[in-house]
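K.L.:
Protein chains in written order, with our numbering: chain A, 4 to 307; chain B, 3 to 375; chain C, 3 to 325.
In case anyone wonders, no lab produced these hints; they're calculated from the structure.
Predicted model only: the values in this text are computed from it and were never measured.
For each residue, glycine too, the CB sits at the ideal point set by N, CA and C.
A hint or two may mislead.
As the list claims (entries may be wrong) - Ranges of calculated distance between the beta carbons of each label pair, as one might list FRET restraints:
#, chain 1, residue 1, chain 2, residue 2, range
1, B, Ala-162, A, Gly-142, 26 to 36 Å
2, C, Leu-293, A, Leu-79, 39 to 49 Å
3, C, Ser-257, A, Ser-102, 52 to 62 Å
4, A, Ala-285, C, Trp-103, 41 to 51 Å
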Amino acid sequence: MPALETFLQAIVNGLVLGSFYALIALGYTMIFGVIKLLNFAHGDVYMVGAFVGFGALSLVSGVVGAGWTGLAIAVLISMIAVGFLGVVIQRVAYQPMLSAPRLSILITALAVSLVLQNGALSLTEGSYKAFRTDLGFGGFEFGRLFISHQAIVLVATAAVLMIALEFFVSRTMYGRAMRAVSIDKDMCRLLGINVNRVVAITFLIGSGLAAAAGTMAGAYYGSIWYFMGFLIGLKAFTAAVIGGIGSITGAMLGGLILGLLESFGTQIPFIGSEWKDVFTFAILILVLVFKPTGLLGKSEVERM
Amino acid sequence: MTIRMTTLATAAALGIGLAGTAQADDHEILIGIQVPTTGSEATYGQDMFNAAELAAEEINAEGGVLGRELRLINGDSACDPQQSVNAASNLVSRDVLGIVGGYCSGATMPTLKTYGDEGLPFVITASNSTQLIPANPGNAFMINSTGADQSKKAADFFEAQGVERLVIIDQGDSYSQDLADLTAERWESMGNEVVRRETVNKGEQDFSAVVSNVRSSDADAVFWTAYYADGGLLIRQLRQGGYRGTIAVGDGSNSPQLFEIAGGAAEGVFAFSNPTADFLPAAADFIEDYQAEYGQDPGPYAPLNYDGMKLLAWAMEKAGTTDSAAVVDALATADGESWLTGPIRFTDENTLARSNFIILEGEDGAWSYYDNQ
Amino acid sequence: MTTSTDRPSNLIDRLYAYFDSPRRQMLLLVGIVLVLAIMPLFMGRYTTTIMTNALLYVVLALGLNIVVGYAGLLDLGYAAFFAVGAYSIGILTVQFDWNFWLAIPPALIAACMAGVIIGGPTLRLRSDYLAIVTLGFGEIVRFGARNLEITGRASGLSNIPEPNLFGYVINSYVDFYYVFLLLAVLAVIASHRLYHSRLGRAWLYVRHDEDAAEAMGINRVRVKLAAYVTGSVFGAIGGIFFSVNLGAISPESFSFEQSVLILMAVILGGMGKIHGVILGAFIIILGPELLRELGELRLLLFAVIMLLIMLMRPSGIWPERRH
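Chain A with its partners taken away, still in its complex shape (with noise of 0.2 Å):
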């Protein structure tokens, strides 16, 4: 059996795969780095962030269609609504428990994503939802190794949004009051940081990225319905604390890791496809007792 066509083509799944997961542990790692909460509804958000992007293409695909202009405005169309809804979750939900006990504002972060995930349920009525799109089956083929144009454009999608985020952080006034803000916040409320509209703008990106990948992935795999959050979001969160969270470069590189270690693990011949997830979970396990600072973030003390 040619080896290296396997090789490839599962380096080539794992991309797209981490494309995805990169996307989603970015949102988790910003809010954890600015206001130190897990946010257990990101991966809920991505979920909504599907459902805002199928909305919007059934309703722009009428005038440009559903091919790749159609999609494109569908991405962004989700990614502004979806962010502003991220700035509308941390102001109700989480601005007035930042000073409760942290067991009070986990909770309250996974009531928001039962609110979410079960919001969906009723207005979907638990159905599958057709994504469909006019984008077509092609790609490239070599052998038994197949790459398709989705994939190529999804990946290249995410490398540019990734990019993106990284010259803000790195180049911005506000991408630089955001890592300062993560480090020291009641510092840069001495130093005139508005840290209140920096938080808002942290959730605005994160959860439009979330919705960029949500969109992104109904359209790529076909179908969204309201539970499609949930594995993936842990899955991220794993991703994110492989890079170390905290890390903006580090939940890029643990997406693409991720992707890439799930991708390859089911090639081992006598774990089957249906122990993926517990070798997922068992990584995020052994990382978070061994290294918990994954591969890029830095020791931190917990302030209860």
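Take the given structure of chain A and dock chains B and C to it, following the hints.
P.N.:
Chains B and C in isolation, oriented as in the chain A frame:
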């Protein structure tokens, strides 16, 4: 205090709720319909309920059963074992005289005991896992062919297609795993080889690993034994990933919605199916009546539930009484009684004595009849 | 934990004030148990089954309450311990033909071991990491049950034999109602005693201020581990009797949703408070049955209430007054 008041209030409310509805007068026969009308399988469940209702209305229009009118009670199983036991005990408490339904095998399983304790006749219309057979206390009758029948149909089909390298994929739930195991066993007993078994997790979106495993195993046929929602995604990704061999799906995926999710990728896909209304000669009137009443087409399990209702009514008439033991005995004597899905006759294990599976093929975004070997 | 003021501001607070004395509380408890004990005489099969279910959730919620309410550790995979209890019984009685009663000690040992295995290495972690680890652990247990031969894979295990108690076979729904009533009463007593024990006070200190607790000579990891293991034993006991009651178990009964429901029961009534948790368990089970037409809105409604409670009244529907 509050606890006691709450408890009493709820108990009272439950009691009143029951008392208010449990009293069936002598002119009525209460029948429980145990189907999932909420949860992920709600579409199928509602559809099955409608079909039973249609059957009951027809029976009532012709004078009812033993001169009494049939009244149906919805026992929502939600496709969940715990909830279905609650629903089943609710039905028993409301003095139903028989039960029709059973969709998710896992949820049907524990209710066998609930009904068995009371000896109530239970016509199982959709659930068809072979795991149900040993757990049946004797009062339940399965009118859908079992996984064993379907696996035979599937293995014969693959042989006829000249398949050499078969991959079987299930979803890790009891129904699809059962069908996958039985098919693998059968296929191997015919001297063939299953080149790969895969299990995907429910709700998973990315099947790329499965797709590359299928491709690297040089499969010429893939058999998906689970449901349409994930099946649609899998088929799409198989085709998207460059797989061009045969794809066949089990009866959990024979829904029209498979085409919505898989799009063009579902063209040429084969499905093993219990007899759906579209392909039953006797069902033309049924489809028309169903559409008139509910404004939509009957789904895949509607004819079976319709037949289940008719069968139970027939057994009560035959027994001449609604006494549970007599009705159960009457059911066991069914000898080719036939409504929509073909003649009903039971084996010693209370399963349907013949296979009713047909083969469908995806064509222009819908199922068409392929062959009934 | 928030402490409400001493001025009874509303009816519930006043009621609570009335039942503040241990004697009245004991009377209340006895009264409730008596009412519950004679209820099957008046209830049909359905009501009895639902009440049995509610009593099971009382046991489970009280167990989780030790972890979340007493020790302040968020556990999102509590159904895993429930599963360990249920599957231990299922495997030993179905696969190895053990007697039910003989299978109970190994089931409890398995639950303790599961508690130590998952708690041991992770309890040093930040609390939010711990939450996600427990979630992952819960999923691993469910996937394991679903993929292993010995657990009957996806179909689970069926025909779990009914327990025989000195010649009396526990099998009717009324029998099981009394079994769970007994378990619930024992769970309440155990929770109460734990709360007022040395360990209970250690949990309180650790929950309020880990560092100060450590400085006072409390080994916080050991104390947390004790909470974890105690909680897992409660969960396993629930699972043990759940499995013989249904006679069949399958992996889907131990999903994340199950863990969330139990957690909701703990939070709705008020974390850390026995009466509140009992109330929460009854709301979780009886609510949807009373409002059948809620259907799928059920979980949404609970989730919204849970969010509102966290935002407005973090101490739950039934607040606690500590002096």
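K.L.:
All the hints need checking, so say for each whether the structure fits it.
P.N.:
Hint check:
no.	hint	in the structure
1	Ala-162/B - Gly-142/A: 26 to 36 Å	holds, 32 Å
2	Leu-293/C - Leu-79/A: 39 to 49 Å	holds, 41 Å
3	Ser-257/C - Ser-102/A: 52 to 62 Å	violated, 34 Å
4	Ala-285/A - Trp-103/C: 41 to 51 Å	violated, 35 Å
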